[in-house]
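Novice: Given chain A's structure and the hints, the job is docking chain B onto it.
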Amino acid sequence: MKIELAGHQLELLPDRAVWWPGQEAVLLADVHLGKDQVFRRQGLAVPVGVLEQDLDRLELLIEETGAKRLIILGDLIHAPPHPDDDWPDRIGQWRAELDHIEIDLVLGNHDRDLSTWLHQWQIDGHETLLELDGMLLMHEWRPRLPAPGLSGHLHPGARLKTRREQLRLPAYLLDSSPGREHLVLPAFGRFTGLMDEVEFPWDRRFVTTGQRVLPLP
Amino acid sequence: MSAPQSVPQAGSIEALFKRRGWPVFDFQREAWAAFAAGESGLIHAPTGSGKTLAAWGGPLAECLNAPPNRLSYLWITPLRALANDTTEQLNRPLAALGLDWRVATRTGDTSASERRRISKQPPPALVTTPESLSLMLSYADSRQRLGRLRGVVVDEWHELLGSKRGVLLELALARLRAINPGLPVWGLSATLGNVDEARTALLGPTNPGRLIAGRMPREIQVDTLLPPSIERFPWAGRTGLPQLPGVLNYLQAARSTLLFTNTRSQAELWFQAIQAVVPWPDRVLLHHGSIDRKARAEAEERLRRGELKCVVATSSLDLGVDFSPVDQVLQIGSPKGIARLIQRAGRSGHQPGQTSRLVCVPTHALEILEVAAARRRIDERRVEARRPLAGSLDVAAQHLVTRALGGGFTEAEALAELRDTHAFAELSDLEWRWLLEFITRGGPALKAYPGFQKVKVDGGVFHVPNRRIASLHRMSVGTITADGHLQVRFMKGRSLGQIEERFITRLKPGERFVFAGRLLTLAKVKDMTAYVRAASGGKAAVPRWSGGRLPLSTLLADAVLEMMDEANGNRLDPDLKPIAELLELQKERSALPAPDRLLIEQIESREGHHLYAFPFAGRLAHEGLAALLAWRLGREAPQSYSMTVNDYGIELVGDAPFELDESRCRVLLSPLHLEPDLLRALNAAEMARHRFRDIARIAGLVFQGYPGRGKQMRQIQASSGLMFDMLSEHDPDNLLLTLARREVLESEMELSRIRATLERARSQTLVLRQPGRLSPLAFPLWADRLRSRVSSEDFERRVERMLATLEPGS
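Residue numbers (numbering that gives the first Met the number 0), protein chains in the order written: chain A, 0 to 216; chain B, 0 to 809.
Chain A with its partners taken away, still in its complex shape (with noise of 0.2 Å):
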């Protein structure tokens, strides 16, 4: 689904995740890798597999935009790691496999005690925002931006409900008004919740199915 932002051309990709093909770079929010370890922790019986299930989508991403960079809004960890944990190396491994790319990371509430892993991760840290061609890149949004730009933070979905059923899926919100333009992408990683009432001030809406990106009316 392609949609133009303030002048750039932007298109929504099914798995959750924007191209920007005027940067070549992909961008995507709220990861939060080693969430179900987290999980594990308390004592809640979420099974592995998740991480590598996330960390293969993101590859294919690449693959197929063709992308040099790859730019993340935010949470790209759950919480700080344990040093029992394995993941951190297991990204790490998959870093080094996509040693062609620029990794930037705008960090994000939960991306805590992160500076020596972003480090060994090669991936570039920035603390509030990312200015790129005139747009704001940034974790979560704020009313009054002096100009357009994306973040992520809301995990947005929308309820569609008809008069039998009802349905929620992972949703793109678009706020078009000019000036502000702003965009807000869906969460990422698929051990994330969604939240049908957020405070932004969309005007249009795209969910995607996992297969295509449709409109809501």
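Bear in mind the hints are in silico, worked out from the structure with no lab data behind them.
Capping the alpha-carbon separation at 30 Å, the derived lysine-lysine pairs in DSBU-like fashion look like this:
#: 1; chain 1: B; residue 1: Lys507; chain 2: B; residue 2: Lys523
#: 2; chain 1: B; residue 1: Lys293; chain 2: B; residue 2: Lys507
#: 3; chain 1: B; residue 1: Lys491; chain 2: B; residue 2: Lys507
#: 4; chain 1: A; residue 1: Lys160; chain 2: B; residue 2: Lys523
#: 5; chain 1: B; residue 1: Lys523; chain 2: B; residue 2: Lys293
#: 6; chain 1: A; residue 1: Lys160; chain 2: B; residue 2: Lys507
#: 7; chain 1: B; residue 1: Lys586; chain 2: B; residue 2: Lys576
#: 8; chain 1: B; residue 1: Lys525; chain 2: A; residue 2: Lys160
#: 9; chain 1: B; residue 1: Lys491; chain 2: B; residue 2: Lys293
Pair ranges (Cβ atoms, derived):
#: 10; chain 1: B; residue 1: Glu799; chain 2: A; residue 2: Glu62; range: 24 to 34 Å
#: 11; chain 1: B; residue 1: Glu306; chain 2: A; residue 2: Pro200; range: 51 to 61 Å
#: 12; chain 1: B; residue 1: Leu767; chain 2: A; residue 2: Pro200; range: 55 to 65 Å
#: 13; chain 1: B; residue 1: Arg800; chain 2: A; residue 2: Leu117; range: 41 to 51 Å
#: 14; chain 1: B; residue 1: Leu805; chain 2: A; residue 2: Gly65; range: 33 to 43 Å
What you are looking at is a predicted structure, and each value in this text was computed from that prediction instead of being measured.
The C-beta atom is built at its ideal place from N, Cα and C for all residues, glycine as well.
Specialist: For chain B alone, coordinates are given in the frame of chain A:
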């Protein structure tokens, strides 16, 4: 019946009761004697017939002989709202008997300070709930605290039977039996079709116990309120409000009336309607399970004092303690089951043993048929069964963690306890291993759950070393009762009751709705509370609670078919005279179904081609059957159908003619491959996902903590749907997923009923008709506009279709 042996001190009990003017019956004496002899058992009778005293007299007599100095008796009640009333009732004879102690209460509502007091100085007897009992079993000193019991009473056992709370209680009782050898356990239950099974479920498969029948009312009389004009009486419909004038006549004529409805929304509607019309609106009250306890207690008290003319109620009044009898009982719509009818009728009449009377108010023509059928079965004294659940591994998992916390367990002793319950008597070794692996490792495959910690094994003892995990578990122990309820409170603080979250989330602040008999405006929702203000006038939404409508029981359905068969053979039951013409019309236009005749109609309309089938298997089973038929039809010629069901039958609507002949019908109705076909026909995956919500919570896969309580809490918030997806993708053999699928088939679809229906169809004559116009039986299906579509379409198509017909405000 042999004369009960005389019991030491029972004489004083009996003397006391006589002095108080409380009657003493033989079945009570039998129960007291059995208790004194150390026996266990089940006492069954309609509510309010002296069952409480039958169970309490034994312990009382024992106390007169041997004063208790530890926690000696547990009285388990299913509703914590009733617990205080029960405690009061149990306390009443104590002073008069010269006993200087009092029964205490311990439930989720009990304050922390009271709980500490109970812990420090255990009362001799405690009224509690299954959940609180589980909580007590989770403390390290549970064995000391609960190891000197002299008796346990389980009240309203029929209410717990057939639910997971009942399974949890079975497990708790097995533990109590293990640490109190020879413990007498007594159950109190309403009339049931399967009392033997109910007793086994309560006492465990190998423990003997008595069955004691309480008093049955001498006679139960069921009258029907017929509408003044049967021609204008609708063939379909649900509220029944057109019968209001007739109902008002009955209300005026009696001093006090209980008006029962089948759903809470109906109760709210009827309450509003009555209040609006009668000259004594302040003497009408509303009573249902979601209403605040104080308001309910007030209703009960005012009724007792004779201040109320009419109480509009739902099943909240089916349960419970001595609710003073009223002059008459009215039932709006069909009671859908005989047991319910008997319970409700029993609320009328002031003298014990007197005739119980109930007036049924049909809401549409065919309900007249159901009421007549109910009358027939009551005369035969036949009542439905409530089947206990078996194999609920989620409950077992929760209980095992509780045991691990509460002093620890060894494999052998825990397995023995589990197999000493009806629910897990057949637990396989595979399932047992899976359970142990689930609680210690998260799952069977060693690699699939690295870092998981919950229960640890040290020297053969299973225990929970981590305090945080222990406290998380205790916070969620027993969260089996449905979640997602919000408190409803006035802005100024007074609570009105509880309402389902699902309803409130559909409202926006400022919108009006009816609840607890009042017109309210939603002000805001905060912290699991909906704050409201009184509203005046204007359109309002009436909340529809889920789980409101029970399907027609097999017992009643079969009686209905019998009566239609008789009508066919010109032996019309006199009760059915009002609808003789309607039945004649059905016969003429199409045919009348019967126990040995399955009716199938096909007609064409502007909407498309309609297929009607009338198996009379109840709404739930029909939902599965409809999906099955549609799927089997769709296999031959791909098409999607619209389907509607009710208690009598099924409607399928498609674009092409059905063109069914007898042999094709036989194939469609074949019981072969029922389960695999059904799984494919239903949107089984999605239904299982929905079903998984309870399973995930019970088994400790999701934690329903207090939202926003600290960073650590927030980090582990996840929905059950998400868990379901994770397991489906990364541990598909997980037995909890299997459980979800099985529950979809058995509990939601009534698989056994579907199977029985198809088996029966094999020997039935298939009556195929093309009536040309809608028949009276088909009409209610056609009129019910809630149609669902068969989901054999793929996900993409489904989303696109939904996008095309979205409701406003999506």
